[in-house]
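Asks: Here are the chains, one letter per residue:
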Amino acid sequence: MARPEVEQAILDAEELAAVRQVSTWRTLLESLLHNVPAMLSVVFLLILVAVAILAPYVAPHNPLQGFVQGLTSQGAPVPPGKTFLLGTDENGRDILSRMIYGARVSLTIGIVANGIAIVIGVMVGMVAGYFGGWIDTLLMRVTDVVMAFPILLLAIALIAVTGPSITNIILVIALIYWVNMARVVHGMVLSLKEREFVTATRTLGVGPWRILFRHILPHLSSAIIVYGSLGVATTVLLEASLSYIGIGVPVPMPSWGNMIAEGQATYQVAPWLLIYPGIALVLTVLAFNLIGDWLRDALDPMQEGK
Amino acid sequence: MSEPLVSVRNLKKYFPVRGGLFSTVRAHVHAIDDISFDVYAGETFGLVGESGCGKTTTGRVMLRLDEATSGDVLFEGKSIFRLGREELRRQRRDMQIIFQDPYSSLNPRMTVGEIVGEPLTVHHIASGKAKDEQVRDLLETVGLSAYHIKRYPHEFSGGQRQRIGIARALALHPKLIICDEPVSALDVSIQSQVLNLLNDLQDKFGLTYVFIAHGLNVVKHMSTRIGVMYLGKLVEVSDSAELFQRPQHPYTEALLSAIPVPDPNLNRERIVLQGDVPSPVNPPAGCRFHTRCMYAQEVCRQEEPPLIDLGDGHQVACHFRKSFDQQLLARTI
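Protein chains in written order, with our numbering: chain A, 8 to 313; chain B, 967 to 1299.
Incorrect hints may have been included.
[Unchecked claim] Now the in silico label distances, taken between C-beta atoms and shown as ranges: (1) Leu-160(A) x Ser-1245(B): 50 to 60 Å; (2) Phe-981(B) x Arg-148(A): 21 to 31 Å; (3) Asn-1165(B) x Gly-140(A): 39 to 49 Å.
Calculated directly from the structure, the hints in this document are not laboratory data.
Cβ atoms here follow ideal geometry from the backbone N, Cα and C, with glycine treated the same way.
With these hints in hand, go ahead and build the complete structure from the sequences.
Replies: This is the structure in structure tokens:
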């Protein structure tokens, strides 16, 4: 052990460090309490997820069943009322129940497709950025090509080939959206790999994969969280668009997109067919965007402040 | 002094400068331009020069963190440039580096235990409890405490962080440590502590240092031999004491005169170099120092002086070292 003055200095520094130590989660929670839109979004999404998971218990009716009392004597949809809270569609099915089950479909596709897109994008971005050379050129040119396609057109073409099913929709969306994440991660890895602590680990004889996953990936986490939450909004929207043009979730399975598409035919006499799923879609997308914005603000300074 | 531990042979490192529409190579930065020197086991070889003279690049190329343009680096007689990826990984156990900036050289998201323990894990030296035990020992060796193991780098001061960096470099029991300006980012009060620590560790573990610094004052404290670099060239290599008593190159003389002397009454002649360091993209022809040298003659603009051994391992690259020597002598008397 060194000289007494060194010891004293070390002790002083420790006291200081103990005072300064604040957990990341706590800082994050505090910033959420100061951000009302983000907090409301979190609450809204938690409720939505709970409702989607508990759909069989929460939904008042069977979403696929056409009810006799769900149609007027002329055979028109019933407006919102006591039995059918948000009204029925032209087949006499309960809109609210269909929306609840539709939330399941829309959220599953949004989250799973986005999850796959993140995994692909992060892997491609990290490998291209870290190894450089021809791997970089190859992977990033592929990314450019995918990016250059009009998203909807590419999705339509791919689904036309594979046929519409939930699995296919998830895969197609993932195959389109990984490029955004790859781009972001690629850029970050390019600068991170020049940081001195990465050079230091290289000097120690640490292999490239360990460097990527143990040293570089943790520094990407906040970017992944931010772009991931913004990405869910986009994927939910793309799913709705695909279902709306009729190549998304196959009918009669409800999704917000195909409900809006079906409601379109009768919106002049029965606007509730269109309005309620529309509101659900808008609110969900808005909530994911607001949370993404909040996370971006909340995580950025913490990353660099240390 | 028998066989050198490390031999640097005609080392060159040019960085391409790209530009234009197709990012073609427009020119080269001559970061290191044909330098050779030996480092012997157990000594401290100081490498000094202004910023941009290529001293840091030399250190990085010696560890193959950057690939050299040409030349060779022999470690215990074996070329490290010819090692395969796996061989190089194993070779890294013997050669380590301590970085200038203790803030950027430690991963802010890993604990001290993870940082110092990682080399032990990847080289399968120790794991689990044995690893923690070794890490604690290392921390105490560098003057930290065993319980710092769970702390994060941001909880430490600059000097303490540099100690963590030293502990990490020591973990593999290397033979050679390249110290890349290890104290220039630290407070003056902390500098001497870290330098003393490095000296103690050298005695304890029989380490060999290549000590890179931008001023001679720090190197004087540490080195057995010193190499002075100017614009990618070695201009003088000598025994430390010899260099301070009888500098042979005008650039070394200027560096020596820049060392502050803590005596206000001493009236000393300071050599202030005129002008800036020329661009390493387009280094001057002839002697690279001629644009700023007060003794420069026509021959200096034409011919590049070779590094000549004056005997006793004192090497210098200057056309006029003898006459210049007399002038210096005249002035000191």
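Asks: Evaluate each hint against the coordinates.
Replies: Hint check:
Separation of Leu-160(A) from Ser-1245(B) is about 52 Å and conforms to the stated range, judged on CB atoms against 50 to 60 Å. A beta carbon spacing of about 26 Å between Phe-981(B) and Arg-148(A) agrees with the range 21 to 31 Å that was offered as a hint. Under the hint 39 to 49 Å, the C-beta atoms of Asn-1165(B) and Gly-140(A), about 42 Å apart, fit the expected range.
This entry satisfies every hint, going by the numbered hints stated previously.
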